[in-house]
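Protein chains in written order, with our numbering: chain A, 1 to 105; chain B, 1001 to 1261; chain C, 2001 to 2343.
Don't read these hints as lab results, they were simulated from the structure. Here the structure is a predicted model, which is why all the values come from computation and not from measurement. For glycine and all other residues, C-beta sits at the position ideal for the given N, C-alpha and C. Watch out, some of these pointers could steer you wrong.
To be verified - Cβ-Cβ distance ranges computed for the label pairs, FRET-style:
hint, chain 1, residue 1, chain 2, residue 2, range
1, C, 2295, B, 1235, 33 to 41 Å
2, A, 25, B, 1202, 42 to 50 Å
3, B, 1247, C, 2303, 19 to 27 Å
4, B, 1235, C, 2261, 25 to 33 Å
5, A, 57, C, 2303, 46 to 54 Å
6, B, 1235, A, 57, 36 to 44 Å
7, B, 1143, A, 25, 15 to 23 Å
8, A, 30, C, 2239, 30 to 38 Å
9, B, 1143, C, 2334, 45 to 53 Å
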Amino acid sequence: MTIPPGTTTATARRGWPLWEVFVRARRGLSHQHLGSLHAPDAAMALRNARDVYTRRGEGVSIWVVPSAAISASSPDEKDSFFEPAMDKAYRHPSFYDVPDGVSHL
Amino acid sequence: MSASTTAVPAGDLVRTAFAGYLLGLADDSLILAQRLGEWVTRAPQIEEDIALANIALDLLGQARTLLACAGKVEGLGRDEDDLAFLRDEREFRNVQLVEIPNGDFAVTMARQLIFSGYQYELYRALLTSTDPMLAGLAAKAVKEVAYHRDHAVQWVRRLGDGTDESHTRMQTGLDHTWPYVEELFERAPGVAALPRIAADPASLRPAWDSFIGTVIAEATLTIPQPTWRARGGRAGYHTEYLGHLLPEMQYLHRAHPGASW
Amino acid sequence: MHRGVDAPRTPAVGGSAAAEQAPAKPPDTGAHLQQRFDALIADDERIEPRDWMPTGYRKTLIRQIAQHAHSEIIGMQPEGNWITRAPSLRRKAILIAKVQDEAGHGLYLYSAAETLGVDREDLLDLLHEGKQKYSSIFNYPTLSWADMGAIGWLVDGAAIMNQVPLCRCSYGPYGRAMVRVCKEESFHQRQGFDILHTLSHGTPAQQAMAQDAVDRFWWPSLMMFGPPDERSAHTAQSTAWGIKRLGNDELRQRFVDICVPQARALDITLPDPDLRWNENRGHYDFGAVDWAELTRVIKGDGPCNEQRIQRRRSAHEEGAWVREAADAYARKHHNSSAAEALA
Chain A
1 MTIPPGTTTA
11 TARRGWPLWE
21 VFVRARRGLS
31 HQHLGSLHAP
41 DAAMALRNAR
51 DVYTRRGEGV
61 SIWVVPSAAI
71 SASSPDEKDS
81 FFEPAMDKAY
91 RHPSFYDVPD
101 GVSHL
Chain B
1001 MSASTTAVPA
1011 GDLVRTAFAG
1021 YLLGLADDSL
1031 ILAQRLGEWV
1041 TRAPQIEEDI
1051 ALANIALDLL
1061 GQARTLLACA
1071 GKVEGLGRDE
1081 DDLAFLRDER
1091 EFRNVQLVEI
1101 PNGDFAVTMA
1111 RQLIFSGYQY
1121 ELYRALLTST
1131 DPMLAGLAAK
1141 AVKEVAYHRD
1151 HAVQWVRRLG
1161 DGTDESHTRM
1171 QTGLDHTWPY
1181 VEELFERAPG
1191 VAALPRIAAD
1201 PASLRPAWDS
1211 FIGTVIAEAT
1221 LTIPQPTWRA
1231 RGGRAGYHTE
1241 YLGHLLPEMQ
1251 YLHRAHPGAS
1261 W
Chain C
2001 MHRGVDAPRT
2011 PAVGGSAAAE
2021 QAPAKPPDTG
2031 AHLQQRFDAL
2041 IADDERIEPR
2051 DWMPTGYRKT
2061 LIRQIAQHAH
2071 SEIIGMQPEG
2081 NWITRAPSLR
2091 RKAILIAKVQ
2101 DEAGHGLYLY
2111 SAAETLGVDR
2121 EDLLDLLHEG
2131 KQKYSSIFNY
2141 PTLSWADMGA
2151 IGWLVDGAAI
2161 MNQVPLCRCS
2171 YGPYGRAMVR
2181 VCKEESFHQR
2191 QGFDILHTLS
2201 HGTPAQQAMA
2211 QDAVDRFWWP
2221 SLMMFGPPDE
2231 RSAHTAQSTA
2241 WGIKRLGNDE
2251 LRQRFVDICV
2261 PQARALDITL
2271 PDPDLRWNEN
2281 RGHYDFGAVD
2291 WAELTRVIKG
2301 DGPCNEQRIQ
2311 RRRSAHEEGA
2321 WVREAADAYA
2331 RKHHNSSAAE
2341 ALA
């Protein structure tokens, strides 16, 4: 379990868990991280990954890994500065302004 | 495989039978693609919008190949769009299963399970068709359909063995779609005239039964015992639903006769 | 809550106790971290998820990426509206593939947003509650088949114009998502142009259909670049942070300059009497954009705002039992699911 205690439990979780997707583009290459997606379990995550990340035949093999199962180093070893309060702020709708400008989309 | 490689059987009767057989396969895929297209932007999860669109695209691709081929065999100069957009309800040869409304996600998954299970056996049988176009199409389609079938299996398992609500809905979905099963395995008019070219639908049934039986049991569901059954789609006898699906699909094409798009 | 691999989180259990209970950061490190961040930006380096970043930078990115993702998802609707009615099977296949791509692009972008420590589920809630926006162009209805052409040519054209510079965005995951989006979108604009080209060289009714679609989508497309830079609340800071690489006005001008000759090739008139070549500037002059209309539509008073959100909401609500079923199944079967990992 890699999630801060008190912030995540199965019951508190909303929606399907997040999976990281790794795709081998062709034989001879290693799997490369492409992004993430939501799925209820590994079987569905694999199928969703096929549809989401290989619509144009970009892969010959897919790995999916629960995001929560990955431990990562920080490029700057600044992990200790990410205090729980800091990332919790983004969980609250009040964090977000209703933009008065225009989206640059 | 292009339609031009089709070995058109000699004789008008056989030619008519073959065109009709191809239309039946084509219309099944076309009408189901149309139904699945209705799901896009309405799926339970965005990932599922993509999955359903994928299946619709595969089916549409099959339909286009088959329609083009049917047009060639028929020899009246009709192309895929003439056949899709300018035939009336009574000229469609699809089974009724594919034209029934989507219902909730459980109804759609029940229909997908039944139909992709059937199409899987069908295309496997057509791998050895003596018609090169059909054999070629089957080689491509069988891989697509294996995925459609797997998609349906995954969902039927999850809905059947998920929550109480999903179990009830999934069983209701099966009950709702099961009356349309028999028709899939009925020998269509003309198939007898196409030995070794077409697949006898009845011959597909045992493998389908065994596959379906396993999935339904795993999903803690029960195979329904319907009190009525659909019949007549291959002969142009349809549900009332098709008469609403077709105008929507065809109106624009028909509103501009002869136009290119 | 589940965040991307890259999302900041406390160290895993099994790490050293010291790491687990990191002391509060010394008061002087804030300045040091800011310096390091500024240096990365100055060197045109990429910021990666676990790097320290100013709160405003993170907040701006979350807002922008989420809006971008929402736009892709809501943007499926105006085109999805014509899937069942496409006039040929070839066009139907292309349209399904395109709408499907938009769903995929939305997912790439939600995935990028999640590396910043937010949940897609929360972002969707904000969209459904109207607390986060999407591109207001999608609040206009698609009234004819030609609108599929106008959306591809103009709306996707404007989007690509906006998106290409975003491939070099200072935030790594956003830039990488945009590279993939741009690669896939190249066909979107072309198929739109192709639809209009076919129509404008077709029957008189088809020509009229094409002109009408461009008449309706031209001005809203210009609005897609945002208000003039001097009135844009976000441009200056976003530019300094390397999130935004080019100004709204510059992008708009580029778009107009590219569209005029293309419109000529289409035999379609752009609905702007003031549109003319300016030899001195080396650009096309164009008429005043009705910014009041943009403000009004953004604020909710557009022809389809209500309908678009309602569709999204009802798909989400009607799908709740399906998502719950899949969750329940995963818990029952423990098939190496994250539900188990998180339990």
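Against the structure, the hints come out as follows:
In this structure the hint that residue 2295 of chain C and residue 1235 of chain B lie 33 to 41 Å apart at CB is violated, the actual value being about 60 Å. About 45 Å separates the C-beta atoms of residue 25 of chain A and residue 1202 of chain B, a value consistent with the hinted range of 42 to 50 Å. Evaluation of the 19 to 27 Å hint for residue 1247 of chain B and residue 2303 of chain C yields a pass: the beta carbon distance comes to about 25 Å. For residue 1235 of chain B and residue 2261 of chain C, the hinted distance range of 25 to 33 Å is not satisfied, since their beta carbons lie about 56 Å from each other.
For residue 57 of chain A and residue 2303 of chain C, the hinted distance range of 46 to 54 Å is not satisfied, since their beta carbons lie about 39 Å from each other. Distance hint for residue 1235 of chain B and residue 57 of chain A: a CB-CB separation of about 40 Å, consistent with the stated range 36 to 44 Å. Evaluation of the 15 to 23 Å hint for residue 1143 of chain B and residue 25 of chain A yields a pass: the beta carbon distance comes to about 20 Å. For the hinted restraint 30 to 38 Å between residue 30 of chain A and residue 2239 of chain C, the CB-CB distance of approximately 37 Å keeps it satisfied.
Look at residue 1143 of chain B against residue 2334 of chain C: about 31 Å separates their beta carbons, and that is not inside 45 to 53 Å.
Of the numbered hints given earlier, the model fails hints 1, 4, 5 and 9; all others are met.
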